Each structure stands twice: as structure tokens, then as C-alpha cells.
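Peer 1: Sequential numbering of the sequence shown, starting at 14, is according to my numbering.
Everything labelled a hint here was simulated from the structure, so no lab data went into it.
Just so it is clear, the structure is predicted and the values come from calculations on it, not from any experiment.
Certain hints may be false.
[Stated by the list, open to error] Computed list of lysine-lysine pairs in DSBU-like fashion (alpha-carbon distance at most 30 Å, straight line):
id, residue 1, residue 2
1, K66, K90
2, K115, K61
3, K96, K66
4, K96, K61
5, K61, K46
6, K61, K90
7, K115, K66
8, K115, K90
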Amino acid sequence: NTNDYIPDLVIISSELEQNDTLRVCVTLKANTKFRDIAIILQAQEEEKSMILKALELGINDYFYYPIDMNELLARTKTQLRKKYYQDNLRDNLELSVNLSIKDGLTGVFNRHYLACFCTYSCMHASNLSQFCTFISFESM
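Hey, can you work out the whole structure from these sequences and the hints?
Peer 2: Shown next, in the form of C-alpha cells:
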């Protein structure tokens, strides 16, 4: 399904109208689904003000016309490598957080997380009839 496809890298040409080029950058970075896509801007050397604005808006890199294929290949590989490492870091962080709050074998929340969650829930209960009960399994 093409609606589910998320590219790793997008190359945007400055030959679009200047506002359209920047609008594409902003739209991609504003959408949580596409926020982590690496963006490379292809621009004329005279367009330094647009390049600076695009960098402020979140593009990852740029290169000038005429296209030097070796430079394009090197910049593309660099951005894809950075995205790969970033994705791996995010996945490892999520796994670490999950393993720190749940037992990997049983899937049960650990005692510390459960105590914090219950304390928070009790403090933010919407009415006084809601109670939390703490059971100490260590004393059983």
C-alpha cells in the first residue's frame, strides 16, 4: 500500500517555487509520520538565503547544481547511515524502557514501576471512591 510507505530520504529541488520548496520541508517535518525522514536540498549556489532558511526548518543537508554524482552519493549515504543509527537508537531506547518496567519473561510490571504507577493513579483519581491497594509479595 503506497499510503503506508515512508521513505528514508527525500531530495527536494529548489527549482520549485521558493515558498513551495520550504513549504514541503515544513510539511514533512511537521507530520509525525514523516518527521524522521532525511531531507537533502538541491539548490543553486546563489540561493544561500533559502538554504539557510531550509536548514533552520530542518533539512539535513544540501548540495549545489550542477550535480556532482560522487558528492550526491556521499551525502546520500551519510544521511541514510545517520537515519539508520537514529532508528536503531530509538528502537533500543524503547526496548530498554520496556525491559526496565516489565519482566521480559512474564510480561508483568516490575514492583517499582507498579508502585509508582499506583501512587500516581491514586493522586490523580477523579473521585475519592477510587482506591489503590499495595500488596507486598516480599512479606508473604
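Peer 1: A separate judgement is required for each hint: does it hold in the structure or not?
Peer 2: Status of each hint after checking the structure:
no., hint, verdict
1, K66 - K90, "24 Å, holds"
2, K115 - K61, "50 Å, violated"
3, K96 - K66, "22 Å, holds"
4, K96 - K61, "25 Å, holds"
5, K61 - K46, "29 Å, holds"
6, K61 - K90, "24 Å, holds"
7, K115 - K66, "44 Å, violated"
8, K115 - K90, "37 Å, violated"
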